[in-house]
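Could you put the whole structure together from the sequences, leaning on the hints where they help?
Residue-level listing of the chains:
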Amino acid sequence: MSIGIEHFLIVGAILFCIGLAVALSKRNAIGVLMGVELMLNAVNITLITFSHFAVSDRPIAGHAFVAFSITVAAAEAAVALALAMSVYKNRETVDVDRINLLKS
Amino acid sequence: MEGFGPTFGFYAMSALTLVSAGGVMLSRNLLHAVLFLIVTFIGVAGFYILLSAEFIALAQIIIYVGAISVLVLFAVLLTPRAGRDNGETKMALPGIFLAVCLAAVLAFVINDTNWATVATSPELTASSLGEALLDAWALPFEMASVLLTAALVGAIMLVRTPEEEAEDALR
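Line by line, the protein sequences give chains X and B. Read in order, the letters of the first sequence correspond to residues 9 to 112 in the working numbering. Read in order, the letters of the second sequence correspond to residues 400 to 570 in the working numbering.
Note that these hints are calculated values from the structure, not bench results. Be a bit skeptical, because a hint or two may be false.
Unchecked claim - Some chain X residues judged to face chain B by a derived CB distance under 10 Å, without partners named:
(1) 73
(2) 86
(3) 110
What the hints assert, rightly or not - Below, computed lysine to any residue pairings styled on SDA-like, alpha-carbon distance capped at 25 Å:
(4) X:97 to X:40
(5) X:111 to B:567
(6) X:111 to X:101
(7) X:97 to B:521
(8) X:97 to B:430
(9) B:489 to B:479
(10) X:97 to B:431
(11) X:97 to B:554
(12) B:489 to X:67
(13) X:97 to B:553
(14) X:97 to B:415
(15) B:489 to X:109
(16) B:489 to B:431
(17) B:489 to X:40
(18) X:97 to B:556
(19) X:97 to B:551
(20) B:489 to B:425
(21) X:97 to B:520
Ideal Cβ positions, reconstructed from N, Cα and C, are used throughout, including at glycine.
Spelled out as structure tokens, the structure:
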């Protein structure tokens, strides 16, 4: 049996949905961030899959997009974790249920 | 992709990636969740190698496994009184329901679409990626460096203590 484009896309879709579930359901802000990283990785798998299998006159575009996506993910992780540290310094918690200063 | 090697590699990498991603969801200890996340990143790098994107796979190992996971571990260790449990909010069930619905929709779309695929995959090397980055995507490439500098400055500004800011103001 052969491995086609559908197999890789299905794995990317499942990984994205696991990441979505983690990001939506975790109570710790750092856990939410880990879900976001999983979703970014799933999207990168999908981009590389299309770059490998799909009909295109410039297939290297997928690789270039993934290189930019990894760069942006690194910047996002640094700033998001700095935000979590900043919230922790002010409130002594990173629990997203208890960060409710704007709630009346 | 024919033959025993790629097939076995695909299923091994799928099992590694998806089981450890499930571990991120299910482990009760936040530190264990970070360790599962690192294994997931390694599995994703394996997928890149299967799809013959060796440069991206090495970048994944260096940036995600080497840098981002260490950053996440530092964030966990620098919030000592915040609790190590990896529990769910009260919105967990709607979130998981939404994720399952999205998975069903995506699986249906992927199976239903008649994908136009190439017979032989193109040869994509690190040098062709470098040429593309400095030729067609030169402007986004430069903007990525500005973005990284902004993220660096922003992260430093956010984690400074009030005492450090007062010291800088006196100078």
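Consistency of the hints with the structure:
1. 73: holds (9 Å)
2. 86: holds (5 Å)
3. 110: violated (17 Å)
4. X:97 to X:40: The hint holds at about 19 Å.
5. X:111 to B:567: Roughly 34 Å between the alpha carbons, so the hint for residue 111 of chain X and residue 567 of chain B is violated.
6. X:111 to X:101: holds (17 Å)
7. X:97 to B:521: violated (51 Å)
8. X:97 to B:430: holds (20 Å)
9. B:489 to B:479: OK: residue 489 of chain B and residue 479 of chain B at ~23 Å, within 25 Å.
10. X:97 to B:431: Holds, because 24 Å separates the two Cα atoms, which is no more than 25 Å.
11. X:97 to B:554: Distance ~14 Å between residue 97 of chain X and residue 554 of chain B Cα, so the pair holds.
12. B:489 to X:67: violated (44 Å)
13. X:97 to B:553: Holds, at roughly 16 Å.
14. X:97 to B:415: violated (36 Å)
15. B:489 to X:109: holds (18 Å)
16. B:489 to B:431: holds (22 Å)
17. B:489 to X:40: Roughly 14 Å separates the two Cα atoms, so the pair holds.
18. X:97 to B:556: holds (13 Å)
19. X:97 to B:551: Judged against 25 Å, a Cα distance of about 19 Å means the pair holds.
20. B:489 to B:425: holds (16 Å)
21. X:97 to B:520: violated (51 Å)
Of the numbered hints given earlier, the model fails hints 3, 5, 7, 12, 14 and 21; all others are met.
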